[in-house]
Each structure stands twice: as structure tokens, then as C-alpha cells.
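Asker: Listed here are the chains, written in short residue letters.
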Amino acid sequence: AQSVTQPDIHITVSEGASLELRCNYSYGATPYLFWYVQSPGQGLQLLLKYFSGDTLVQGIKGFEAEFKRSQSSFNLRKPSVHWSDAAEYFCAATNFGNEKLTFGTGTRLTIIP
Amino acid sequence: DTAVSQTPKYLVTQMGNDKSIKCEQNLGHDTMYWYKQDSKKFLKIMFSYNNKELIINETVPNRFSPKSPDKAHLNLHINSLELGDSAVYFCASSHRGGYTFGSGTRLTVV
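For the protein sequence lines, the chains are V and F, in the order given.
Take the position in the first sequence, starting the count at 1, then add 668; the result is the number in the numbering used here.
Take the position in the second sequence, starting the count at 1, then add 135; the result is the number in the numbering used here.
A portion of the hints provided could be inaccurate.
Said to hold, decoys possible - Straight-line distance between alpha carbons at most 25 Å, and here's what the computed PhoX-like set of lysine-lysine pairs gives:
#: 1; chain 1: F; residue 1: K202; chain 2: V; residue 2: K717
#: 2; chain 1: F; residue 1: K202; chain 2: F; residue 2: K144
#: 3; chain 1: F; residue 1: K176; chain 2: F; residue 2: K154
#: 4; chain 1: F; residue 1: K176; chain 2: V; residue 2: K729
#: 5; chain 1: V; residue 1: K717; chain 2: F; residue 2: K154
#: 6; chain 1: F; residue 1: K144; chain 2: F; residue 2: K157
#: 7; chain 1: V; residue 1: K717; chain 2: F; residue 2: K171
#: 8; chain 1: F; residue 1: K206; chain 2: F; residue 2: K176
#: 9; chain 1: F; residue 1: K175; chain 2: F; residue 2: K206
#: 10; chain 1: F; residue 1: K202; chain 2: F; residue 2: K154
Keep in mind the hints are simulated off the structure, nothing from the lab.
None of the values given here were measured: they were computed from a predicted structure.
Next up, chain V with everything else stripped away, as it sits in the complex (with noise of 0.2 Å):
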């Protein structure tokens, strides 16, 4: 079954520190791959995807996320993070436009000063 795992459920990092959110997906085939942030009580915002092409994939907010087909994995990386990051993060799968978003279950992430 299509499947979409985010391993860390929680995690805390100091201000100004680099981050790294783990992402495994399970598909046939290389699915389209996304990562959304959700600030508390807030809706979902899309912060980048990779669809094919280069690997590295440039996002909003200074974030960035690898695709690595060897690894099924597709991690979010921010070099410094700020307070204002602190929210529930969300890697997602589908297996081309126009199809359901499979969602992992969420990486809390807490800043501390």
C-alpha cells in the first residue's frame, strides 16, 4: 500500500540552529512529493515540491528538501531556524496530479531560545 512515514514525531531544536525532518515514502513508483507546514490552528501551507528534475528543491521561508530515490526519502533541511518556524510539518505523496495527497503523520517542532 502507498504509504507515507515521518519517523520523528517531535522534535526541538534551539533558535538559530540547522534542522533536518525525515520523510520515507512506499510507492511504485517515484510519486510527486511535498512538504506543508501547519502553524497552530492554521491551515496548510505549501512550502515546496518535487514533481522530477533536480533533486534539491528550493522552498518558501528559506527551506530546502532532498530527493533521494535510493533512500525512498525526501528530508526537509532549514540551515538556521527561527522561532517562527515552530509548527507541525507534513510530507505528502501522490502518484501524479489530479490524486489524493497521502499524508505522513506530522513532525511537531518546537523552537527553544
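Please build the complex by placing chain F on the supplied structure of chain V, with the hints as guidance.
Answerer: This is chain F only, laid out in the frame that chain V set:
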């Protein structure tokens, strides 16, 4: 100029009532969805419509009935509300891999 708008934003109701959530998109997308986010933040698809036709129904109870009067609207009607229906419901639309989500409707059943 909101792309995907849902109403209401908050909904508190008693068990057994019937309620509706409305969704409209002005992006010209052909496909629309309803997702449910439970108390553990898990997001799961409920329904998908493409150009007013039901494409996906993910084993959602019959008490939930989506209706798409045209491709810009996808409403969700829920009969006989139960405590377990309390969640945040997100509407979304898509076109060629570009997904846009509404801001969500927080449903609380008491």
C-alpha cells in the same frame, strides 16, 4: 481573492444534529477534495470529486454525503453527528499537481 474558501470556520453542535460545510474555489481547478484532520493531527482523505463526479470515497460512513453542484463547489453534509466526528475538515482543490487547501472548519460535537 481567497483561492479555496470554507464556511463556517468554526462549528459547534450537539450530537444527533445534521450540519453542512461549504467549500468554494476560484482557481478553475477540476478536482476538489475533503480531508479530515483528527485530534492527533493525522490528515486523511475522505472524498475526491473531478468535474462534479465522485472519484474517491475512502470508506467514510454513509452519514457523510458530499455534493458538488458545479466544479467550483464541493459541500459536505453530515447527518446524525457523533462525538467522533469532532475534527478539522479541510477542503482542497488541485490542478496538475498543484494543491491548494482551505483554512479548515473546526467541528466540535458536544
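Asker: Now tell me, hint by hint, if it's right for this structure.
Answerer: Hints, one by one, checked against the model:
Taken as a hint, the K202/F and K717/V pair is broken in the structure, with Cα atoms around 30 Å apart against an allowance of 25 Å. With a C-alpha separation of about 19 Å, the suggested pairing of K202/F with K144/F holds against the 25 Å cut-off. A threshold of 25 Å between alpha carbons decides the hint, and for K176/F with K154/F the separation of about 22 Å falls inside it, so the pair holds. Restraint check: the Cα-Cα separation between K176/F and K729/V comes to about 22 Å, which is no more than 25 Å; the hinted pair holds.
Proposed proximity of K717/V and K154/F is contradicted: the alpha carbons are some 35 Å apart, above 25 Å. This hinted pair checks out: K144/F and K157/F have alpha carbons roughly 10 Å apart, not beyond 25 Å. Taken as a hint, the K717/V and K171/F pair is honoured in the structure, with Cα atoms around 22 Å apart against an allowance of 25 Å. This hinted pair does not check out: K206/F and K176/F have alpha carbons roughly 28 Å apart, beyond 25 Å.
In summary, the hint linking K175/F to K206/F is not supported, as the alpha carbons are separated by about 31 Å, beyond the 25 Å threshold. At most 25 Å may separate the alpha-carbon atoms for a hinted pair to count; K202/F and K154/F meet this at roughly 13 Å.
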